[in-house]
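Trainee: Here's the letter readout for the chains.
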Amino acid sequence: MNTPKSETRAIPVRGAQNLVAGLSLIGLALFAAWAASDLPLGRLGSMGPGMVPYAIIGLIVIFAIGLVANGVMKDGEGVSLPDFSAVIAIAAVGFAALVAGTALRVAGVQQIWGYPPTVFTFCLFYLAVMVWLAVQAVKRPTWLDRSGLRGPIFVIGGLLAFALTVRSVGLVLAGPLLAVISGAASSETKLKELLIFAVAITLVCIAMFKYALKLPMPVLIIPGVIYL
Amino acid sequence: MDMLANLALGFSTILNIVPVELPGIGTVPLPMNIILCFIGCLVGTLIGVLPGVGPIATITMLLPITFQLGNPTGALVMLAGIYYGAQYGGSTTAILVNIPGEATSVVTTLDGHEMAKQGRAGVALGISAIGSFFAGCVATIVIAALAAPLTRVALLFGPAEYFSLMVMGLIFAVVLARGSVAKAVIMILVGLLLSTIGTDLETGQERMTFGFGPLSDGVDFAVLAMGVFGFAEVLRNLEVSESRDVVNKPIGRLLPSMADLKASAAPILRGTGLGALLGILPGNGAVLGPFASYTLEKKIAKDPRRFGRGAIEGVAGPESANNAGAQTSFIPLLTLGIPPNAVMALMVGAMTIQGIIPGPQVMTRNPDLFWGMIASMWIGNLMLLIINLPLIGLWVKLLKVPYRLMFPAILVFSCIGIYSVNNSPADVVFTAAFALFGYSLIKLGFEPAPMLLGFVLGKLMEENLRRALIISRGDMLTFMEKPISATLLVIAAVMLGLALLPSVRKSRDEVFTE
Amino acid sequence: MKSYMVAVAAMALAIGGAQAQSNYPERPVTMIVPFAAGGPTDVVARIVGEHMSRTLGQQIVIENVAGAGGTTGITRGAQANADGYTIMMGHMGTHGAAPALYPNLKYDPTKDFAPVGLAAGTPILVVSKNAIPAKTLKEFMDYAKANASKLNEAHAGVGSVSHTTCTLFNEQLGIKPNRVAYRGTGPALNDLVAGQVDYACDQIVNLVPQIKAGTIKAFAIATAQRNPALPDVPTTIEAGMPDYQVSAWNAIFAPKGTPEAIVTKLNDALSKALDDENTRKRLLELGADIPDAKGRTPRALQQLVDSEVGRWTPVLKAAGVTAN
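Protein chains in written order, with the numbering used here: chain B, 1 to 228; chain L, 1001 to 1514; chain P, 2001 to 2324.
Next up, chain B with everything else stripped away, as it sits in the complex (with noise of 0.2 Å):
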């Protein structure tokens, strides 16, 4: 529904997208029956914990089948490739940064810089991707922002920035440094006019939450140095 028709790409099935919605359905279900598969059934007396799960798990499935039969035999939309490079690409990133990450963890290191290892390497595999993007912005922005990278790889990677240094080294940092990284998000960003729209509103919110509200929210912590 979203999809332009342009875009679509030639796939041999009359409703691609239903076909994929219920093929993910069936995974996502999948992916919760064995994340639910330690708990109990129980009586009608006393369920258990995992009663009400399974229900729910059995009929996504039913749906989803359903789903997958529409797909298949009646027309609808299509799906394409650029809806879902982004989701496929974080995934790929948190794979490489789980095996990594174990690997390291095997090797005996239990933390870098306070961070388990997985945590750790998904950041740092994540910012390579980051950065390369960030080239291809500059080298050929059509194509970035055909790929469907650009949007959802740069908002997502401003919020974990922000996760990272707002309790660390507080608001001050946090805040300008989502705003600038999501920033690269939209083709049409200007850097100067970003940057000082992002140190704006970053004091403003400290004006309003740390100082008017007195919300206990660091605004600069340099250790043993300064901590507001």
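Only true hints are included.
Here are a few chain P residues that face chain B, going by a calculated C-beta distance under 7 Å: (1) 2027; (2) 2061; (3) 2063.
No lab work stands behind these hints, which were simulated from the structure alone. Where a beta carbon is used, it is the ideal one built from N, C-alpha and C, also for glycine.
Given the coordinates of chain B, assemble chains L and P onto it according to the supplied hints.
Mentor: Relative to chain B, chains L and P alone:
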């Protein structure tokens, strides 16, 4: 007549003028409670208007401020002001940027945001303010006149009745679908599944958390809503520069026209009735009010296809229901001393810290506080109207900010809001994950609104199902033996039957599928 | 006005503090409350914290970090810098029942903290719906034993105060009723008043209004002395269940390794707060128990934590409840 005397006592408490020492000016007589109510409404609106920050988050953030006030009436009046302000602020973001701050404004996004896209944001905000004000006035009178007898209704609803009510609510949810009904049902189921994540209430066992600490309390509504609605919307808007949701179209008129008011009058009345009724129920019955109102309006509309495409009835009814419910949900707290939902539980905290333990005796022992609070509800609603009608112009102008600056600002405000609810960076990471999830769902042709309703009702439904069955020792008949429960289930079954009857279904598909 | 007073107090302290050996605190102190704002622990923390801020001359900023029965916030506090600028309000659950409930707990309540002092205890009451024929605790005990299979007990979720304290009650009574979980005390109380469930154990602050209004019955209070908020309710000792002594206590802890001088300073501030007329009055209104001078010391708190962990672990393990 008692009621009038009581209300008079309430208003005299609120209007009470006290000498206040102002540095540099000297002692000035000021109506402190009115000022506190005004400040509360204003701050509540300003915080509540932050994307994704709903009433619960707003009150949690602002509660400590009221602790510093020495007088209980003032603190509670201010808090009530914050609550209404936050409610209205939440509707504002739902309409302007399509981010619902709480479950009840999910419905508002459906038609309210569509209206904004069509350049009618001002009208949507205006009708929401007017509807809320009307609902607030009615609800205030309902509370003043009927609080005591209505208390008994709250006690009629046990686990079995709740379960049946929630089943009915889920059937309402199907109506929220804008696309195919099957896909809406799937989204409800996914919402139900998400609601089961976290520590199981009955056994304490962790479900689907992978031993990951921050998941042990389950997924937070604000985190889910912010991710699948707010951030996913940002991602979608970034793709195409022309079809941006936060619109660059001409603003259009700021206030509703006579025709708009005429179209909204009946929905406002019906919404107020439904919302007020459901709000009395403990266990968060208020959450169903807007959904019920939307369902009703869509069912009786001459042309249901307009819903989901900017129908003003779809904003007026649910918004009135929302505000009426928000107010009548004070009834169980004020008369029984039992908080029916999370917001009221926060009110209990505010009262206890002021040395007032809410309970059945508050009415007799602190009549000025009790009736003052009820009077403040009306004053608060009036303040909202006064604050917000002029602000509508400002909010709508904000839409003129170019999107390249708008979206980083939305992200920064949202993140600070989400972070400060639990002071937890992990919550920000979760919103990022849900943003991707919601974005993919949209790409697969799903609508996230039914999922949010499934998520909210899922917890209530499972808990009450299990409670009812524990109490009945596993006897399923308990749901049919209790008259209220049985009635609700019959209504639900009839609605489902209507939906499934082949002939009806045909016309339904025409109605619901684009 | 308030900040002016704080400034005056700060100056007075600065002059008086000339002979003190450290100039702690130089900046606001964060107190982590592991529950949402407005709950019983939060209320105690804010009442006590307000007076402590005045003594210390620096604001005590309350940071609510809710989650996993309070263990999320305490975990964060335990891992904070031991410089006295992060302290936390622990309670019976986080520093007594948690090791039994959460096998993956990231802290040890007995070892990973520098105890500062006990702030307040909230007594536990045993209550039932009005339709139960029993009038005294003895009669209720007989009734419960005779009808154990038919009884429904309401509690506010696994790991909550009402859940753990009632686990102990059931164990001492030797009954296994049906336990019905609610999300928080409010809904549980609603169904108790409505008669959907039969009995519950909970903190006094939640129950006083209902008991006074006669919508539920109170059988006994699980403390050594009667409580001024409910003078007619007998203690468990009087009523014939002397071993059932429980209280939902709240206490201040600092991370392990916090310098002793700082702990002493915090303890003094706490003690001053608990002696203050206004603070006492506000705590007593909640039905809280204020510890005497002996009960407020860091040592007394350490002993309390040790004994509480020792007491809850077997009870909860035997009842088969864990959060994982």
